[in-house]
Structure formats: C-alpha cells, structure tokens
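Residue numbers for the sequence shown follow the working numbering, beginning at 86 and rising by one.
Keep in mind that the hints are not guaranteed to be accurate.
Said to hold, decoys possible - Have a look at the derived ranges for each label pair, beta carbon to beta carbon:
1. T112 x E149: 26 to 34 Å
2. I106 x K150: 15 to 23 Å
3. P125 x K90: 14 to 22 Å
4. D148 x E120: 17 to 25 Å
5. R96 x D141: 14 to 22 Å
6. D141 x D95: 28 to 36 Å
7. D95 x V146: 18 to 26 Å
Unchecked claim - Listed next, the in silico EDC-like pairs over lysine to aspartate or glutamate satisfying Cα-Cα at most 20 Å (straight line):
8. K130 x D141
9. K130 x E118
10. K130 x D102
11. K105 x E118
12. K130 x E120
13. K131 x E120
14. K151 x D134
15. K105 x E91
16. K151 x E94
17. K131 x E91
18. K150 x E91
19. K151 x D95
20. K151 x D141
21. K131 x E149
22. K150 x D95
23. K150 x D97
24. K130 x E149
25. K90 x E118
26. K105 x D134
27. K101 x D134
28. K105 x D123
29. K131 x D102
30. K130 x D148
31. K105 x D95
32. K101 x E118
33. K101 x E91
34. K90 x D102
Think of the hints as simulated: they come from the structure by calculation, not from any bench.
As the structure is a computational prediction, the values presented were derived from the model and not from experiment.
We treat Cβ as the ideally placed atom computed from N, Cα and C, and that holds for glycine.
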Amino acid sequence: MNRLKELREDRDLYQKDIAKILNMSQTGYSQYETETNDIPTSILKKLADYYSTSIDYLLYVTDEKKPYKKSILREEKNAVPQKEKSRH
C-alpha cells in the first residue's frame with residue numbers, strides 16, 4: 086500500500102480532506118497517492134509535518150516513521166530574538 090494512503094486512512098481521512106489541507110484538488114492529490122505524478126518538495130514538507138514523519142519515510146528511503154529532530158538552523162530561524170541587556 087502507498088504510504089500516503091496508509092497515513093491518510095490511519096487518520097480516517099478522505100483524499101478530499103488532505104487535498105483541502107494542501108489547497109489543491111482531490112484529483113491532483115490522488116495522483117500523488119497513485120504515483121502518477123511526482124510530489125513537489127513543498128508538498129512533501131507539508132505532508133511530513135502534517136503526519137509528523139520524515140520526507141524520507143514518505144519516499145520509502147527509510148522505514149522509520151518517527152520524524153528527524155529539527156535542524157539547528159531551522160530552530161534558529163524560528164527562534165524569537167532576545168533583547169540584549171544594556172550594561173550600565
């Protein structure tokens with residue numbers, strides 16, 4: 086079974102539900118599940134985040150469902166800057 090379909094069905098969702106989350110048509114999403122069309126990187130990122138897994142898992146590079154730890158660069162990018170304390 087296709088991993089996208091498996092993950093979707095595990096959550097009792099329909100293709101139209103995931104398509105809505107991705108802001109696309111059900112037909113377009115269906116083509117990803119049937120492997121008729123390649124999935125763009127931006128969509129892979131959204132799906133991996135939504136399902137709390139890794140892109141590698143979605144693409145069968147690994148069988149490890151658990152997502153990777155966030156990269157240091159990504160954490161820094163999302164961090165709220167701290168105000169510097171003034172020295173008086």
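T112 and E149, beta-carbon distance inside 26 to 34 Å? With a Cβ separation near 31 Å, T112 and E149 satisfy 26 to 34 Å, so the hint holds.
Take a quick look at whether K130 and D141 sit within 20 Å of each other, Cα to Cα. 10 Å, holds
Against the 20 Å threshold, does the CA-CA distance of K131 and E120 hold or violate the hint? Measuring from Cα to Cα gives roughly 17 Å; hence the hint holds.
Is the Cα-Cα distance between K105 and D95 20 Å or less? 18 Å, holds
Has the given pair, K101 with E118, been kept, meaning a C-alpha gap of at most 20 Å? 12 Å, holds
If you draw a straight line from the CA of K101 to the CA of E91, is it 20 Å or shorter? Judged against 20 Å, a Cα distance of about 15 Å means the pair holds.
For a C-alpha distance cap of 20 Å, please report whether K101 and D134 respect it. Holds - the C-alpha atoms of D134 and K101 are around 18 Å apart, at most 20 Å.
With 14 to 22 Å as the target window, see if R96 and D141 comply at their CB atoms. The hinted range 14 to 22 Å holds for R96 and D141, with Cβ atoms some 20 Å apart.
Does D134 lie within 20 Å of K151 when you go C-alpha to C-alpha? Holds - the C-alpha atoms of D134 and K151 are around 11 Å apart, at most 20 Å.
Mind checking the hinted window 18 to 26 Å against the Cβ distance between D95 and V146? Since D95 and V146 have Cβ atoms about 20 Å apart, the given range 18 to 26 Å holds.
Within a Cα-Cα threshold of 20 Å, do K151 and D95 meet the stated pairing? With Cα atoms ~15 Å apart, K151 and D95 stay inside 20 Å; holds.
Per the hint of 15 to 23 Å, is the separation of the Cβ atoms of I106 and K150 within bounds? Taking Cβ atoms as reference, I106 and K150 lie about 19 Å apart, which means the hint holds.
Violated hint: 6 only; the structure is consistent with all others.
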